[in-house]
Amino acid sequence: MNTRNTLIKTLALATVLGIATGCTPKTQTLTAGNVNEPATLGLSSIDFERAASDAVQSLLETGAVDRSDGKKNIMVISSVLNDTMQRIDTDQLVKKIRIELLRSGKVYTTTAIGLNGAEDKMNNVINELKQSQRVDRSTLVKQKLTAPNMSLSGKIIQRNNRVNSGEQLVEYYFQLTLTDLSNGLGVWEGETPIRKLGSAKGTSW
Amino acid sequence: MKRITLTCLATATLLAGCQIQPATPESSHLMLGPGVSQYLSIDAQPGGITDGGLLRQGVRVHNRSHSTRKVRFRVVWFDNNGFELAGLSSRWAVHTLRPDEPVTLSRIATAPNATNYRIDLFPAQVSQASSTEGSMK
Chain Z
1 MNTRNTLIKT
11 LALATVLGIA
21 TGCTPKTQTL
31 TAGNVNEPAT
41 LGLSSIDFER
51 AASDAVQSLL
61 ETGAVDRSDG
71 KKNIMVISSV
81 LNDTMQRIDT
91 DQLVKKIRIE
101 LLRSGKVYTT
111 TAIGLNGAED
121 KMNNVINELK
131 QSQRVDRSTL
141 VKQKLTAPNM
151 SLSGKIIQRN
161 NRVNSGEQLV
171 EYYFQLTLTD
181 LSNGLGVWEG
191 ETPIRKLGSA
201 KGTSW
Chain S
206 MKRITLTCLA
216 TATLLAGCQI
226 QPATPESSHL
236 MLGPGVSQYL
246 SIDAQPGGIT
256 DGGLLRQGVR
266 VHNRSHSTRK
276 VRFRVVWFDN
286 NGFELAGLSS
296 RWAVHTLRPD
306 EPVTLSRIAT
316 APNATNYRID
326 LFPAQVSQAS
336 STEGSMK
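Protein chains in written order, with my numbering: chain Z, 1 to 205; chain S, 206 to 342.
Check the hints yourself; a few may be wrong.
Below, computed lysine to aspartate or glutamate pairings styled on EDC-like, alpha-carbon distance capped at 16 Å [said to hold, decoys possible]:
#, chain 1, residue 1, chain 2, residue 2
1, Z, Lys71, S, Asp256
2, Z, Lys201, Z, Asp180
3, Z, Lys142, Z, Glu128
4, Z, Lys72, S, Asp256
5, Z, Lys196, Z, Glu37
6, Z, Lys155, Z, Glu171
Read the hints as simulated data drawn from the structure, not as lab findings.
Just chain Z, with the same shape it has in the complex:
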């Protein structure tokens, strides 16, 4: 009798565990270019890709980063403000633009100069190595930083509008400006609007 009870309990436990495991959503890794990419009211990597791609295509199309002297532009990243209801890192946008512009062979981005100091702190630390007795001085590089001639700044804006009792329209605007630092003029400006229609119950943050 005791053995029978144990067997029933074990079977019941196994059934409960089986049902629980079966109900758990399966985790899957999405591949790039997936057709059936899940759509969200918030910003996803697809939106950042689209905004960055549009910006780079426009920059190359207008010739804003072309130089007639054969030299490359040195770009500094100024501020890209996040004026959305979401906690996002604007590098999700800026990094993609930097990668593509570097790949195009037309722009270098300085990591030594920026609004908040050097992006790569090693640019400053390298100077301190001169004082160190442990460093072979013959291997030290003579640092001469290149000043930027272009600056990229921008803003990401979000606006939510109720369409009807059941739906809401969430609009995002990716606004970017490229400034020629030699004269302070904005030589290129781009805006990519991304509009999403979804349930009014859905959240976009």
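Model the placement of chain S on the given structure of chain Z, informed by the hints.
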């Protein structure tokens, strides 16, 4: 009898030869997904080099059907050795095509070593299994 057979064969060969359309260099760069050619007309394949020396390619299309269609578009870039070049300029983008509205879809290669390309035009909604299938136009 032999002469008649030979004449028939020669005529048949000539007719068959006339039916083969010479493949233009541009058309071999375009890959259409399943069913796309039924409602999409390819009007032109503009292309060239930008002032900055980068390859730019596109396709001008119009939707022959009476309803709005959605297509996925991308341009895949290749280097001199035939290797695919990665980058955002090869990303898929969905475009809405209204009836009879001519649209030009184009991209600029972000890699200066891009020398060859392939344009992919697929229906926006396809199953994963057939998403890579297509036919060279």
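Now the hints, each set against the structure:
Under the criterion of a C-alpha separation no larger than 16 Å, the hint pairing Lys71(Z) with Asp256(S) is consistent with the structure, at around 15 Å. For the proposed pair Lys201(Z) and Asp180(Z), the alpha carbon gap of about 44 Å is over 16 Å, so the pair is violated. Annotation: proposed proximity of Lys142(Z) to Glu128(Z) holds, straight-line Cα distance about 12 Å (limit 16 Å). Straight-line distance between C-alpha atoms of Lys72(Z) and Asp256(S) comes to about 15 Å, which keeps the hinted pair within the 16 Å bound.
Only pairs whose Cα atoms come within 16 Å are accepted, and Lys196(Z) paired with Glu37(Z) is accepted, the gap being roughly 14 Å. For the hint linking Lys155(Z) to Glu171(Z), the alpha-carbon distance of about 14 Å falls within 16 Å, and the restraint holds.
Consistency note: the structure conflicts with earlier hint 2 alone.
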